[in-house]
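When you get a sec, could you build the whole thing from the sequences and use the hints?
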Amino acid sequence: MALASRTHRASRGLLPDQRAELMLGALVCAVLLFVLLLVVFVFKEAWPSFDHNGFGWFGADGNPDQQVQEIYTSANLLRRPVYTFHAWPIIWGTLLTTLGAVTLSFVSALFVSVFVVEFAPEAIKRILEPVVRLLASVPSVIFGLLGVLILVPFIGNHVITDGNRRSVAYIVSLSGYSLLAGVLILSLMIAPLMIAVFSDGLRAVPRGWLEGSLGLGINRWRTFWKIGVRTARPALVAGTVLATARALGETVMLAMVTGGVSFAPNPADGLIFFVEPTRPLAATILQTAEELTSEPMRHTIFAMAAVLLFSAAMLSLAGWAAKQPMKRYGVRA
Amino acid sequence: MSAVAPPKPSAPPAARRSARDSSASWRWTDRLGLAFAWFLGLTFLAVTAAIVLYMMVQGIRYVRPELFVTHPAAGVTERASGGFLDPLMGTVIVALMAMAIAFPLGLAIGVWLSEYGRPSWLARVTESTIEMLAGSPSIVFALFGTLLFEQGAFAFLSRTNDGVVYGRSFFAAASMLSLIALPLIVANVREGLQAIPGHVREASYAVGKTRIATTRRVLLPAARPSVVTGAMLGVGRIIGDTAIIVILLGATLRFTESGDVPLLSTLKGTGSTLTTFVYANAPTGEINQPEKAFAAGFVLLSMVLALNFAVDVAARRGRRWR
Chain A
-11 MALASRTHRA
-1 SRGLLPDQRA
9 ELMLGALVCA
19 VLLFVLLLVV
29 FVFKEAWPSF
39 DHNGFGWFGA
49 DGNPDQQVQE
59 IYTSANLLRR
69 PVYTFHAWPI
79 IWGTLLTTLG
89 AVTLSFVSAL
99 FVSVFVVEFA
109 PEAIKRILEP
119 VVRLLASVPS
129 VIFGLLGVLI
139 LVPFIGNHVI
149 TDGNRRSVAY
159 IVSLSGYSLL
169 AGVLILSLMI
179 APLMIAVFSD
189 GLRAVPRGWL
199 EGSLGLGINR
209 WRTFWKIGVR
219 TARPALVAGT
229 VLATARALGE
239 TVMLAMVTGG
249 VSFAPNPADG
259 LIFFVEPTRP
269 LAATILQTAE
279 ELTSEPMRHT
289 IFAMAAVLLF
299 SAAMLSLAGW
309 AAKQPMKRYG
319 VRA
Chain B
16 MSAVAPPKPS
26 APPAARRSAR
36 DSSASWRWTD
46 RLGLAFAWFL
56 GLTFLAVTAA
66 IVLYMMVQGI
76 RYVRPELFVT
86 HPAAGVTERA
96 SGGFLDPLMG
106 TVIVALMAMA
116 IAFPLGLAIG
126 VWLSEYGRPS
136 WLARVTESTI
146 EMLAGSPSIV
156 FALFGTLLFE
166 QGAFAFLSRT
176 NDGVVYGRSF
186 FAAASMLSLI
196 ALPLIVANVR
206 EGLQAIPGHV
216 REASYAVGKT
226 RIATTRRVLL
236 PAARPSVVTG
246 AMLGVGRIIG
256 DTAIIVILLG
266 ATLRFTESGD
276 VPLLSTLKGT
286 GSTLTTFVYA
296 NAPTGEINQP
306 EKAFAAGFVL
316 LSMVLALNFA
326 VDVAARRGRR
336 WR
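Protein sequence lines, in the order shown, are assigned to chains A and B.
Under my numbering, the first residue of the first sequence carries the number -11, and numbering increases by one thereafter.
Under my numbering, the first residue of the second sequence carries the number 16, and numbering increases by one thereafter.
Derived by calculation from the structure, the hints in this document are not laboratory data.
Here the structure is a predicted model, which is why all the values come from computation and not from measurement.
Watch out, some of these pointers could steer you wrong.
[To be verified] What follows is a set of in silico ranges between Cβ atoms, one per label pair, in the way DEER data are often shown:
| hint | chain 1 | residue 1 | chain 2 | residue 2 | range |
| --- | --- | --- | --- | --- | --- |
| 1 | B | Arg133 | A | Thr61 | 49 to 59 angstroms |
| 2 | A | Phe261 | B | Pro298 | 36 to 46 angstroms |
| 3 | B | Phe51 | A | Asp39 | 32 to 42 angstroms |
| 4 | A | Gln6 | B | Pro298 | 57 to 67 angstroms |
We treat Cβ as the ideally placed atom computed from N, Cα and C, and that holds for glycine.
The structure is reproduced here in structure tokens:
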């Protein structure tokens, strides 16, 4: 038996080690192939929708909610499927929530990580680090629940006045489900991610550079702000990219608190802009997913998914590019 | 991902404090910056504490022992709508099944990337693909899942009705959920293996062990804390996900069986997990029983906190090579 297996091995020319390498490599290739299949199929399913609308798909024309209704019902009637879809209000909502949350949490995460790395007393440092990790792992549906039961009623009852409601009553109804609620909670969700990457980058700043500045008589804040933060710039970019990808893909929480109508908040409305409802791409997919059974609707939903997937891929490319200079300092993020 | 990386060994000793370091003599902009950093740091602590404490208080108010053992029911009052036995079971089943797929795969990819990695272009492609998976929205995976499992070839994994494959089942949900746990496991396995110094490998090769034997008998046992951390972070991500479950598990609150083989029928059928239970019971959901949502959310949060704590313990035990 042993002899047989040996001759077999010799005939194939493979040592056990080579066989193991081949098997692991095959597994890796299988996973890669699966991901490739995923990307190809999503874009293939999405194509008819892009094909019918051209660049108008990204434009603003009419109400996407009505268009979705048209598309959905067109499959049931014996007529040509309708594909007309102009997603601008949804894309605008995605841009607003993502950029708003990323801006807000970038500023706070920067200050918090400077605080954690350099200025916090040992006791607070020891509490803050696990707290950051804890907050990063709270499921988004819990953030959504808290938002719906606490923040949304608060905005509805105390921030929005009757005057506000009347002034836009003929366009949209203000209920507290709003851009503001989405942005606030989303920034709380992505801040821990940023803080973790930022602090890693700040910790990797060579101590000697900081001490050189301190030795010249520059105070600690200015030293850290001018030298530490500047040196860690690649980490700041990488963390921001990571957090942006997370914000872009956030689905459930935004579906719960932003109001669920495809309305494009209008900056011309002044401060009311912030409390107007909206609905980003991922949340739209979740809420229309029951209509996947309708052929043209399926293509439209996959088109939205393809836009998300493309943006995520571009972000991960940007993150990779930003991470290259960081390798100099031995930071892995 | 690194939001939950094991804590670094204590930071280098802070610069010595002297009277000159006191901020009283700084320019006002610098003092303002420092004050702002303190303010935000403490606010961050306070907000997190408020969230956790609020969930605790609400949870203790609304969790009843009988909720754990009664099935959900379609009722319009808090009293009539039953408990969350099925969602709780669903969470456990989904986590086990998804990890059964993701863990071996993640381990294999992590080992291959760290120990073999040839040809190097394939290693680079793998690395960026895994990174892309980590950054992709889970809702996209869910949509792909509906497409994949509605194919006739996968009909045996879900309910079939007059030749139309329903495509929603525990199998479908778990296999797509494994995709979101995969990057975490790969990253942690790889990090753990790479933290082992080269002389350990060389010592093993020197006594005549092959590369795979070294990996199995020496490197993986040494990297166990990282592997465990990766697995637990993966579980945390899986039980916290909602979008995939809503779309691919059918979101029927009770288990709806399909077929008549005892265990397989449940796995082929639809169901729910704690996350979808919370989603459905929130005021925006279909059932709207906030007390139930708080109770289930509390249970979910406790599970996540326990996992977090376990990760901390595992990370603390993993300082062998530093």
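_Hints breached by this structure_ = 2, 3
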